[in-house]
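Those protein sequences? They're chains W and U, same order as listed.
Using our numbering, you'd call the opening residue of the first sequence number 1 and step up by one each time.
Using our numbering, you'd call the opening residue of the second sequence number 371 and step up by one each time.
Certain hints may be false.
[Claimed, not checked] Here are some chain U residues the structure puts well away from chain W; computed CB gaps all over 12 Å:
| no. | residue |
| --- | --- |
| 1 | 381 |
| 2 | 786 |
| 3 | 787 |
[Claimed, not checked] FRET-style restraints, in silico, Cβ to Cβ:
| no. | chain 1 | residue 1 | chain 2 | residue 2 | range |
| --- | --- | --- | --- | --- | --- |
| 4 | U | 602 | W | 208 | 49 to 55 Å |
| 5 | W | 92 | U | 607 | 52 to 58 Å |
| 6 | W | 293 | U | 380 | 20 to 26 Å |
[Unchecked claim] In silico negatives: residues of chain U with every beta carbon more than 10 Å from chain W:
| no. | residue |
| --- | --- |
| 7 | 423 |
| 8 | 722 |
| 9 | 731 |
| 10 | 780 |
| 11 | 789 |
| 12 | 969 |
No lab work stands behind these hints: they were computed from the structure.
Even glycine gets a Cβ: it sits at the ideal position worked out from N, Cα and C.
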Amino acid sequence: MITSAIIPRPLARLPWRLIFLITGIAMFGLIVLYSAAGGSVRPWAIKQGIVFIGFLGISIGMSWMKESTIKAIAFPLYGATLVMLIGVEALGFVSKGAQRWLDLGPIRLQPSEFMKPAIVLTLARFYELVPAGEIRKWRAIWPAMALLGVPAFLILVQPDLGTCIMVLLCGVTVMFLAGLPWWIFAGPAAAIAVAAPIVYSMMHGYQRKRIDVFLDPESDPLGAGYHIAQSKIAIGSGGIWGKGFLHGSQSHLQYLPEGHTDFVFATMAEEWGLVGGVILILAFASVISWGMRVSQNGRTRFAQLSAAGLSATIFFYVSINLMMVMGLAPVVGVPLPLVSFGGSAVMTVMLCIGLLMALERQQRTVSRVI
Amino acid sequence: MKHMRITTAHQSITFSRRMMLLNGAQAAVGGILVGRMGWLAIAQNQKYQLLSESNRVQLIPVPPRRGWIIDRNGKPIAINKASFRVDLIPQQIVNGPEVIARLQALMDLAPDDVERITRELAASRGFQPVSVADNVPYEQYAAITVRLPDLPGVAASQGFTRFYPGGSTVGQLVGYVGPASATEYEKENKNPLLLIPGVKIGKEGLEKTLESTLRGEPGGQRVEVTAHGKLVKELDPKPDRSGGTVQLTIDSDLHQFAARRIGDQSCSIVVLDVTNGDILAMPSMPSFDPNNFSDGISQNEWKMLSQDDHLPLVDKALESLYPSGSTIKPSMAMALLNAGIDRTQKVNCTGSYPLGNHVFHCDKHHGPVDMNRAIEVSCDIYFYEMCRRVGAEKLAPMVRSMGFGEKFDLPFDNQRYGTIPDPEWMKRKYHREWQTYDTINMSIGQGMVLINPMQLAVMASRLATGRRVVPRLLKNRPVARQQQLAVDQDHLNFIRQAMAGVVDHGTAAGAKLPLNGIQMAGKTGTAQTHRLAENERGNYTAALWKLRDHSLFMAFVPFDNPKYAAGAIVEHGGFGASVAAPLVRDTLLFLYDKQKALASLQAFEQSLGGSLEERIARKTAAWRSSNGLPPLPPKQA
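Using the sequences plus the hints, can you model the full thing?
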């Protein structure tokens, strides 16, 4: 926070350090996109820049929202998103094809993106309403499961495995922090651990091959493992200092697929090396830990749970994407927020940031009043 | 869970605890990510840098020029001739079908070729050329060159084809080259060099066995290429290194002379320098013309060659085995002397030699003969009787030490080494006891005895020197140290004298060298190919060609101070003295008096009806017409 007599109070009271951090990450992303386009702002960097500035404005605007307002819109937002998800599904059914988008004239809405913050806010709101004594009861568990399960299922059948996993993880995080009994989480985890080898042994050859390729991408370098193999080559060949700006051969010669979207981190790491990668990871870590601090400082249960859930959303974005590009997770199609080209991820993350800033402002205001 | 009432305070504690856990988990994931990235970028950096480079840089190989094969005097045996070729560069083609149609019109491409080009073009990666035609005549090459601006994607270039000045006379020596087959490509771990149009590798003979020396190192245009095969920019080229030159011990003039002197026979002759074992000539005729193979041989030519009963596709010098016939006798005589037989003792030759219920024959009634006479006139009865007395156990080792059945380290695949049998071998191979008639058969080089012409020449050189002469073909190999053979010098002198007698007044008296003061020593041989009927005995030309005896002769010269040795086997040539002996005589004469030798060759070829090339052309034309094929177009210059 900047305190100065010259700067007007409303401006000075913005969380500038966070805004600088976010803007820094986005700027770095633009530089990488500039390079990924072969040293040109078109077609990606310029669009991405405009989208970012737009959403930065929106999220700063959102920071003046009251906690009560956020609370009030939690359920309606969830409901509207769910309706849109069903709408997408229905449209897809009519047009007989997979569909993720709602075409609304100039804008194309991807409702599953809204579901990430929406599920967090809804579950936070739900657990705020559940009395403390009821938290370990069945009736505190099944509504949450339903609230989470229905949209997760709708997204899964789109099919969008990456977003589905993200929504599930965000929801589960909120449920975990709300204090649900351990077995709710430990049970399924143990079940998966036990079932995985059995399921694997019962799989068809081609299904098993996909798993094998994930576990050892080099075994199929021209097929399914191509993305991961090329991404690892890009990151590994970058070394400590990288090949230099505009000198990444993997991305410039198009060996790295999706080098401007899901695999943008590999494009970056090839040119900026381990140093660039660590700086980017640390920047994201700072943003996330800022969010987690907002949660810890939260006065209300809603603020605590929603802030943690929103931070977790950013965390899962970043970590799933990075694990994917470094060959630690299968390719599920989760972009790197603020860096990957594409408005949806920017929108989701900036909405989360906006909500977090609003919650954080609330904490300061409240503390002043008291 | 129902026992405990959970309060807001509890909830707050749970929240803090679980927040700590979550923070910890997030930090752990962050740590894993940084660690993983460090592992990739530091520990495995080299591996991935290599992979990235091999992605980025592609080498368009520039084939190296194949090394020469030259003779002992530096005369070329296999060299490279400039040739013209036309390729297509898929990436630069604008309208494929149109370009191919125009090339077809300009170059008279066959429909088969058009189909192949279209297919290869569809399967090719952007920058790898597709061959349109090889060895294009200059007129067509020029026609393409002037139209290049209208033919985007067409590349006319100069390359090299293998050229063998000796033609078919060196066919069996050098083998031939050709484009790599799919198996050869797999065998070399998919060496990209083998895919370049126009690259030929050794397929047979020296071209194959010396491949590693002759091939050289391919250079290459290093280019940066995108994942889709688009060329981005050219990097500095890697220079190629021509293949190494291989010098042979062959005297190419002598080799060609000998090959021509063979005439229309199916024959191989080997000439050695006895002082160091150098192989001076080893033609095997008839042969194929390796130049035709280097251009790509037609189905018909292959068919003609493989149907020929004179076996042009076999290197008779090393791959064919024959009974040695009487050429084994000098070595047998050495063995007899070693075993204590008195050389003055006589055996009475009556023309037949009964053993059990079988009668062995001699071709004449020589009367009483001693050892010297028995060698000179090649009396079989003498050797039947004396060898029977001594026994096979004492004969075989001496014959082997003279080179029969011996393996020589020469750069050829598919060598065959033959057999000198003995009782122990008989048991191992045929599971039966050695019989006296086996000794009788072996004594005159029949029965199980099998040799090749190289061994025959080696035997002549060892009898000439008394030392273990080892043949050598590659000039850069060290000369093998010639050990003294375990023979008595006096015995050796006697045998040489007897062999000189063979040529002076014995069976090969008609094959004297027409030189003053240089005398040849030798031994004839006539090897039966089947059991003779009574009326066939002594009649060498009447039988069907396939049933005639093989004609053999070995010799060294000069007999008193040996310098050269030779062995020749003429398949189904008939009597040894009348076919093989004159061939060896003329060949050795060439070493001393080229003029005289060439004059006699000219007369010889005239009697056959023209030079080797003319006779081959006539033979080919006759074969084609008898197989209903149109005559070949005249050869393009």
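Tell me the numbers of any earlier hints that the structure contravenes, in ascending order.
1, 4 and 7
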